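Colleague: Starting from the known structure of chain U, arrange chain D on it as the hints suggest.
First to last, the protein sequences are chains U and D. Going by the numbering used here, the first residue of the first sequence is number -15, and it counts up by one from there. Going by the numbering used here, the first residue of the second sequence is number -8, and it counts up by one from there.
One or more hints might be untrue.
To be verified - Okay, the calculated bits of chain U under chain D, using three or more residues with CB under 8 Å as the criterion:
#1 12 to 23
#2 198 to 209
#3 329 to 341
#4 361 to 367
#5 398 to 411
Stated by the list, open to error - Over the 12 Å line for every Cβ pair with chain U, so calculated as not near, a few chain D residues:
#6 T38
#7 L71
#8 V117
#9 G129
#10 A130
#11 R180
#12 E189
Worth flagging that the hints you see were computed from the coordinates, not collected in a lab. Keep in mind the model is a prediction, meaning the values are calculated, not measured. Beta carbons are placed, not taken as given, at the ideal position from N, Cα and C, and that holds for glycine.
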Amino acid sequence: MTRIACLVVPGADERTRRFLLEVALAHSPSVEDGGPGIVYLDLRGLGALFGSEREIARRLLGAIGARGLTGHVGIASSRAGSRFATRSHDDITIIPPGGDARTLGPAPLALLDLDPHMAARFHRWGIRTLGELADLPARGLAERLGDEGSELQRLARGEDATPLRLWTPPPVFEESADCPWGVDTLDPLADLAASLVEILCERLVRHGFCADAFEWFCRLADRTVHEGRCAPAAPLAHPEAAVALVRSSLQAHPPRMAVEEITLRASPVRVIAAQPRFDESPRPSPRQLTTVLTRLGALADVHGVGSPRLLDTHRPDAMQMTPFTLSPSPLRREGRGMTRGSFFLAMHRMRPPRPVEVSLTAGLPAHLCAAGLTGRIVAGAGPWRISGDWWTDTTYARDEWDVELADGTLCRLARDARGWRLEAIYD
Amino acid sequence: MVASIGSLPPPGKDGKGLDGLLTALHTSRLSEIVGPRSAGGGSLLLTLLARATARGGLVALVDAADSLDPATAARAGLDLRALLWVRCGGRPASAWSAVDLLVRCPGFEAIALDLGAAGGSPPPSVGARLQRAAEGSGAAVIVRTPRHLLGSAATLVVAMRRVRAHWIGGDRPTRLGGLVSEARVLRSREDPRLATPERAWLIEWRA
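This is chain U alone, in the form it adopts within the complex:
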């Protein structure tokens, strides 16, 4: 005979939800997540361990009470029965075996979590309680609603033949290595980390996961912790690419003294392989892209590889580098943005802006002199005064000019309190 306990804690948040599931799992191997603050436990075979059903319910309430939570426990022969039992004013309500149908009679239909269409249909029929649903002629109900109708009627009668959808805690992907003698050079440390990465990747593959980030923690000789994090461009579980990534991260942030223990943690994500669309452009494999990005980071400045993101300000050249990722999937958007006639003049920014000498004639720029760029100004437009961010520490105010030199070079000049600068060259 199936016996189900339902533990309900009203107003539970996501952390509490996880805590309730862990409490339940400490009492029963068969646990179902019923939603925020609702957990079902299969009580079969637990009597020898914990005693009577009431004793088990007391233990559950005691475990959550230790964390300052209050709740209700209902025990019955079905999920619907146990859930309904938690609505009692008592902390613990037990419906004896075989009593579900009678107890569930006055329970509202909402207890079955019906979809809106089905709920509306029963409402039109005047069915408000489980008892009324249970009393309907089974054959007529099956003719009108099919298998779903019969199933709902069985639930309303307290006949719950469906086993619990078992919840298992998500696996933790973490590996550590002790080195009590202390590793004080980077290469052996990176080799140690690489061996941990390989173990982690093997475990990830075995569980059908990929990692979207790796975190490493080094316990140093002075008992402090040096930590870092690296994320691939797309979730991966390929050891070679992951090793290159972690090795590069360690090299970029080396520990300042000997390391006595290193721990590596992977953040697992489930990646669903999908058939690409026929009209979809090919994309780099996460393994190759991660390897290339890691090696690019080693070539150029590591902050110099990524995707630019425009900032919400009128400040010239206001942008931020963000990590290059393969998601969200770029969508074909021909016809939007790239319309015919949209040929725009590109601008090559000087970073930082280059100081220049500008001679004025009648208040207008007439001659420009800078390293590698000197000439008479034959045309120009300006000045435009731009200013902003005066409410922050990075206020800006300047006059800008577009000028054309005698050799045809088109430049953007700026003048502020520090003098003239070459901001950009049009190309």
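Modeller: Leaving out everything else, chain D in the frame of chain U:
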């Protein structure tokens, strides 16, 4: 008034006539866009990248001089999320190495190298190496440089020339309206007809 050059199509304001050039640049495995500054070469490069991202592809830009302006790139239609920007901070040697790495990662629709005003000399035999790698990866590799650098390795070489700047406001201009530049194919291994002397494109870039 923009003068017609030979049998030129009208200025490519509406994109007509220019598609052939853009397609040639996209389908050639290793291309060069050569020309002095303010000749429209950078704009042509951005247009190519923008078209590739509009097709849903990913693109990479190796920026030797760290001079890309993301605001104008976005205005040109480039989807910045689909752009891998490698900023080399004025180190051309790093830029060539970066392209060499990227071209071995299949999945990018276009990989561009902007060498900036300086250009510099490429490492020995880099052109042939890039050409072979590009054929393997399927990406269009485009090098923007002031002068022709890659020799016979480049499948397509497009020369850009500035025709005139367009100022708005008469005698006392109030703003820069744009630039008209001329593109000519100096060499096309795949379609030699593109490289005939009488064939050129006038392109009007809006500021």
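Colleague: Taking the closest pair, is the beta carbon of L71 (chain D) still more than 12 Å from chain U?
Modeller: 5 Å, violated
Colleague: For the segment 398 to 411 of chain U, do at least 3 residues have a Cβ located nearer than 8 Å to some Cβ of chain D?
Modeller: holds (count 4)
Colleague: Would you assess whether R180 (chain D), listed as outside the interface, keeps its beta-carbon beyond 12 Å of every beta-carbon in chain U?
Modeller: 24 Å, holds
Colleague: Taking C-beta pairs only, is E189 (chain D) more than 12 Å away from all of chain U?
Modeller: Given a closest Cβ separation of 23 Å, the condition holds.
Colleague: Confirm or reject the statement that V117 (chain D) sits farther than 12 Å, beta carbon to beta carbon, from all of chain U.
Modeller: Holds, since 15 Å exceeds 12 Å.
Colleague: How does the segment 329 to 341 of chain U fare against chain D when you require at least three residues with a CB closer than 8 Å, holds or violated?
Modeller: This one holds; 7 residues, not fewer than the three required, reach chain D with a Cβ under 8 Å.
Colleague: Closer than 8 Å Cβ to Cβ for three or more residues is the test here. Does the segment 12 to 23 of chain U pass it with chain D?
Modeller: With 0 residues close enough to chain D, the hint is violated.
Colleague: Does T38 (chain D) really sit off the interface, with its C-beta more than 12 Å from all C-beta atoms of chain U?
Modeller: 6 Å, violated
Colleague: G129 (chain D) clear of chain U by more than 12 Å, beta carbon to beta carbon?
Modeller: 7 Å, violated
Colleague: Go check the segment 361 to 367 of chain U versus chain D for me, would you? Three or more residues, Cβ under 8 Å, otherwise it fails.
Modeller: holds (count 3)
Colleague: Quick check: do three or more residues in the segment 198 to 209 of chain U have a beta carbon closer than 8 Å to a beta carbon of chain D?
Modeller: violated (count 0)
Colleague: Take a quick look at A130 (chain D) and tell me if its Cβ sits farther than 12 Å from every Cβ on chain U, holds or violated.
Modeller: Label violated. Min Cβ-Cβ 10 Å, cutoff 12 Å.
Checked against the numbered hints above, the structure violates hints 1, 2, 6, 7, 9 and 10; every other hint is satisfied.
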